[in-house]
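Per UniProt numbering: the sequence shown ends with 134, consecutive numbering throughout.
Treat each hint with caution, since some may be false.
Calculated cross-link-like contacts (lysine-lysine; reagent style PhoX-like; alpha-carbon spacing at most 20 Å) [claimed, not checked]:
| hint | residue 1 | residue 2 |
| --- | --- | --- |
| 1 | K57 | K3 |
| 2 | K85 | K57 |
| 3 | K74 | K105 |
| 4 | K74 | K57 |
| 5 | K85 | K48 |
Have a look at the derived ranges for each label pair, beta carbon to beta carbon [stated by the list, open to error]:
| hint | residue 1 | residue 2 | range |
| --- | --- | --- | --- |
| 6 | V36 | Q95 | 13 to 23 Å |
| 7 | L58 | Q95 | 23 to 33 Å |
| 8 | L90 | I61 | 12 to 22 Å |
| 9 | F62 | P87 | 13 to 23 Å |
| 10 | S13 | Q81 | 31 to 41 Å |
| 11 | Q95 | G14 | 21 to 31 Å |
| 12 | N104 | N22 | 17 to 27 Å |
| 13 | D38 | N104 | 17 to 27 Å |
| 14 | A49 | V79 | 36 to 46 Å |
| 15 | T12 | A49 | 18 to 28 Å |
| 16 | V30 | L90 | 16 to 26 Å |
| 17 | G33 | P69 | 34 to 44 Å |
| 18 | F60 | V30 | 15 to 25 Å |
None of these hints come from the bench; they were simulated from the model. All C-beta atoms in this analysis are idealised placements derived from N, C-alpha and C, irrespective of residue type, glycine included.
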Amino acid sequence: MEKGEMCVIQGTSGSGKSTLLNCIGGLDTVDSGSIVVDGMEVAGLGSKALSDYRRNKLGFIFQFYNLVPNLTVKENIQVCQYLTKNPLDLEELLQVLGLTEHQNKFPCTTVRWTTAALCHCQSTDQKSQPSVVR
């Protein structure tokens, strides 16, 4: 793929879609072949270089939103801002995504964590937006 291109990864359950994405992200290693991103062989990266690669080249949105339950929406987003060289304006992000009124809410602990619902948030979009912003 070239910069700016998009593609769809589609397949039946168990066909390797998640495995492919995990290998591209350096979460899993490949058994054969190679994955090269911006001229870097992902499998050959050490732990620090792999962390830098993930921080600067990728964005993960996991099926389970991985929000920190004892941090507010705003604090969950700020965690990643501390690790970013040029973070986007937090207040603007919250406003654009319609999360301003939810910024001081915590992920619900009364529902199964797999839903990662925000307290008093009803829509799936609102549940996933803090993870997307991060």
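Structure-based check of all given hints:
1. K57 / K3: Since the Cα atoms of K57 and K3 sit roughly 12 Å apart, the hinted pair holds (cutoff 20 Å).
2. K85 / K57: Holds: K85 and K57 sit about 12 Å apart, inside 20 Å.
3. K74 / K105: holds, 8 Å
4. K74 / K57: The given pair, whose Cα atoms are some 23 Å apart, is violated under the 20 Å limit.
5. K85 / K48: holds, 16 Å
6. V36 / Q95: 13 to 23 Å: violated, 38 Å
7. L58 / Q95: 23 to 33 Å: Given a distance of about 25 Å, which is inside 23 to 33 Å, the answer is holds.
8. L90 / I61: 12 to 22 Å: Given about 18 Å between the Cβ atoms, the range holds.
9. F62 / P87: 13 to 23 Å: holds, 20 Å
10. S13 / Q81: 31 to 41 Å: holds, 36 Å
11. Q95 / G14: 21 to 31 Å: Violated, at about 41 Å.
12. N104 / N22: 17 to 27 Å: The hinted range 17 to 27 Å is violated for N104 and N22, with Cβ atoms some 34 Å apart.
13. D38 / N104: 17 to 27 Å: Hint violated: Cβ distance 38 Å, outside 17 to 27 Å.
14. A49 / V79: 36 to 46 Å: violated, 22 Å
15. T12 / A49: 18 to 28 Å: violated, 34 Å
16. V30 / L90: 16 to 26 Å: violated, 36 Å
17. G33 / P69: 34 to 44 Å: holds, 38 Å
18. F60 / V30: 15 to 25 Å: holds, 18 Å
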